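2 protein chains.
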Amino acid sequence: MRVSDLQTPALLVERSLLEQNLATMSAALPGARLRPHVKAHKTTALARLQAAQGHRGFTCATIREVEGMAAAGLGDDLLLANEVLDARSLGAVVEGGARVTVAVDSAQTVDAAADGGVREVVVDVEVGLPRCGCDPAEAGRIADRARRRGLEVRGVMGYEGHLMLETERKAEQTEECMSRLLAAHADVGGDLVSAGGTGTYAVNTWATEIQAGSYALMDTAYAATGLPFGQALTVLARVVSVSSKGWAVADLGLKSLGMDHGNPTLPGMLVWFCSDEHTTFSAEDGSALPAVGDLLRAEPAHVDPTVALHERMHLVDGAGPDAEVLESWAVDLRGW
Amino acid sequence: MRVSDLQTPALLVERSLLEQNLATMSAALPGARLRPHVKAHKTTALARLQAAQGHRGFTCATIREVEGMAAAGLGDDLLLANEVLDARSLGAVVEGGARVTVAVDSAQTVDAAADGGVREVVVDVEVGLPRCGCDPAEAGRIADRARRRGLEVRGVMGYEGHLMLETERKAEQTEECMSRLLAAHADVGGDLVSAGGTGTYAVNTWATEIQAGSYALMDTAYAATGLPFGQALTVLARVVSVSSKGWAVADLGLKSLGMDHGNPTLPGMLVWFCSDEHTTFSAEDGSALPAVGDLLRAEPAHVDPTVALHERMHLVDGAGPDAEVLESWAVDLRGW
Chain R
1 MRVSDLQTPA LLVERSLLEQ NLATMSAALP GARLRPHVKA HKTTALARLQ AAQGHRGFTC
61 ATIREVEGMA AAGLGDDLLL ANEVLDARSL GAVVEGGARV TVAVDSAQTV DAAADGGVRE
121 VVVDVEVGLP RCGCDPAEAG RIADRARRRG LEVRGVMGYE GHLMLETERK AEQTEECMSR
181 LLAAHADVGG DLVSAGGTGT YAVNTWATEI QAGSYALMDT AYAATGLPFG QALTVLARVV
241 SVSSKGWAVA DLGLKSLGMD HGNPTLPGML VWFCSDEHTT FSAEDGSALP AVGDLLRAEP
301 AHVDPTVALH ERMHLVDGAG PDAEVLESWA VDLRGW
Chain S
1 MRVSDLQTPA LLVERSLLEQ NLATMSAALP GARLRPHVKA HKTTALARLQ AAQGHRGFTC
61 ATIREVEGMA AAGLGDDLLL ANEVLDARSL GAVVEGGARV TVAVDSAQTV DAAADGGVRE
121 VVVDVEVGLP RCGCDPAEAG RIADRARRRG LEVRGVMGYE GHLMLETERK AEQTEECMSR
181 LLAAHADVGG DLVSAGGTGT YAVNTWATEI QAGSYALMDT AYAATGLPFG QALTVLARVV
241 SVSSKGWAVA DLGLKSLGMD HGNPTLPGML VWFCSDEHTT FSAEDGSALP AVGDLLRAEP
301 AHVDPTVALH ERMHLVDGAG PDAEVLESWA VDLRGW
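Protein chains in written order, with my numbering: chain R, 1 to 336; chain S, 1 to 336.
Please keep in mind that the hints were generated in silico from the structure rather than gathered at the bench. Heads up, a few of these hints could be off.
Since the list gives no way to pick one copy over another, a pair counts as held whenever it fits inside one copy or between any two copies.
Claimed, not checked - With a Cα cut of at most 20 angstroms, we get these calculated SDA-like pairs of lysine to any residue:
| no. | residue 1 | residue 2 |
| --- | --- | --- |
| 1 | LYS245 | LEU129 |
| 2 | LYS170 | GLY318 |
| 3 | LYS170 | TRP247 |
| 4 | LYS245 | THR167 |
| 5 | LYS170 | LYS245 |
| 6 | LYS245 | GLY161 |
| 7 | LYS245 | ASP135 |
| 8 | LYS245 | ALA45 |
Small disclaimer: the values here were computed from a predicted structure and weren't measured.
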């Protein structure tokens, strides 16, 4: 099958760039130093490539991701880096033989883990991003409660998410965040200090493991920060209409693109706006407007919510419409 | 099953509001005056309720929607209000006994329709929104080409999408748009003048049929314009974390909400930001922050891309956590 045979819109993954991204990250963070986050690609076939690079532990954001990874035989060490109030589905995964650790940041989430049959937790600590995680001063008490409930406390996690797209003073700011996490760790104990992401992987030397996900496929928001990863993911679209007034329309839009970080990039083109199934654009100076029927590859601004809109991603080799589709992978970790 | 038994995040549809919305629109636009657009709900179970109100023709935005509607026995008169360059799948639906009409706005899309085995088209006319559709002056030539290719030309369509959220001079602006469509219709012929949407259904008296979709479920962007439809759709979420610093976090985010029209609304709460799986918020003056484990119902800003992120929607009766889940419908028209 060729790229031109695909029904548009469709997620494409350029093999050489994916392989290069995986190799670059594994060289920087070998083995257990990287706990790849599957929320960015939601695809067990891609997780399998990460496991083949020597990363046996994975980070998940949803119960469905934990279930899917375990079912795919990738359940050696799954960290659900998120709070849940009903952990019975996770307990069932543990019963099935996978290792599942869940984040807790309150008495209620500790109790949910214990009641649900999960055996291992990390204490989630708020390190500067106003989201989940307890205050460092509370972490010891939460760990105590977990141990009283018979749970193994493996350590702490924190996410300096507000620094991911930061380009100024990143190392210093990361250090400030991690000082909060290390203070909590001193009270909690355990082997794990799990933190970080694609934006801080190179500067976060305090965490024992980094939860990076976006590096594998990438997006234009991360690319703008100068990371050494290539734009492996694009959304294939077809030009369906060209106006005599100077604009053209491709068949990708709000239902095939995560829009929270802004419009997609069409190289050589100026994107006007996206609607449900369409993107209207004109040509930049020096570029020609494509013709009806032409294929384009749009670079999404945010990888995670883009992938979540698609059933499949297609591994391809080459940039043209005749490029071969090597494999088609189910985005099998979607949903809840 | 009760609402509190659902895995969050989950789409809820309040039965009384849905029924009221369907009845209000059907009273305004009875029978063939309304051609409900399925792109806003992507759910054949909901389309069946619209058909039961007497609307036998439907509007679709994708080939998958056409295929799914036909497979569900709702294929009496399906209009794909979008351009396609490969219509073979549509031809197969026609062969299967459904009636399929496709929009064309160029020689290439006319040829694709004819080559693909579609028998009926409408000429899509640009009426002010810079998207698909030919110039009115070109419409007659496109119709001629379609007839030469053996296609039945049923009329014209146009979409004054830029007026949907407009509140000033809506009728006058709609008239300007429709004057372009009627000029094209004079050259094209046929019975259909298909246009409009939820935002202009009450003022567009020039179209023979209105392609409204959002009215059934609604969103906060449309609600702000003062339409007589209630917010039937919400996203159920659970509070997973509450900070001692005054914010709380619920388990809905960029993967369960269309974000192009902005943040969701949490009644009584001030939404700070959404990330992939989380929404951080605080309480408005006079409201109490909910507790860990509490259920919330968020009102999405844009219905169409929100629905496209979910596998199912749940019909419920009542506002509390003990409200009964009456039916769970597959969002079976997703994808491409």
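With identical chains, the pair LYS170 and LYS245 could be close in the same copy or across copies; at 20 angstroms between alpha carbons, which is it: within, between, both, or neither?
neither (45 angstroms within a copy, 25 angstroms between copies)
For LYS245 and THR167, with the copy left unspecified, which applies at a CA distance of at most 20 angstroms: within, between, both, or neither?
Classified as neither: same-chain Cα gap 40 angstroms, cross-chain 27 angstroms, threshold 20 angstroms.
Are the CA atoms of LYS170 and GLY318 at most 20 angstroms apart within a copy, between copies, both, or neither?
neither (35 angstroms within a copy, 48 angstroms between copies)
Is it within, between, both or neither when you check LYS245 against GLY161 at 20 angstroms Cα-Cα?
between (43 angstroms within a copy, 18 angstroms between copies)
Regarding LYS170 and TRP247, is the shortest C-alpha distance of 20 angstroms or less found within a copy, between copies, in both, or in neither?
Neither: 40 angstroms inside a copy, 25 angstroms across copies.
20 angstroms Cα threshold - placement of ASP135 relative to LYS245:
between (57 angstroms within a copy, 9 angstroms between copies)
If the cut is 20 angstroms between Cα atoms, do LYS245 and LEU129 qualify within a copy, between copies, both or neither?
For LYS245 and LEU129, the Cα distance is within 20 angstroms only across copies (12 angstroms; inside one copy 46 angstroms).
At most 20 angstroms between C-alpha atoms: does LYS245 with ALA45 qualify within a copy, between copies, both, or neither?
Neither: 44 angstroms inside a copy, 41 angstroms across copies.
The structure fails hints 2, 3, 4, 5, 8 (numbered hints given earlier, in ascending order).
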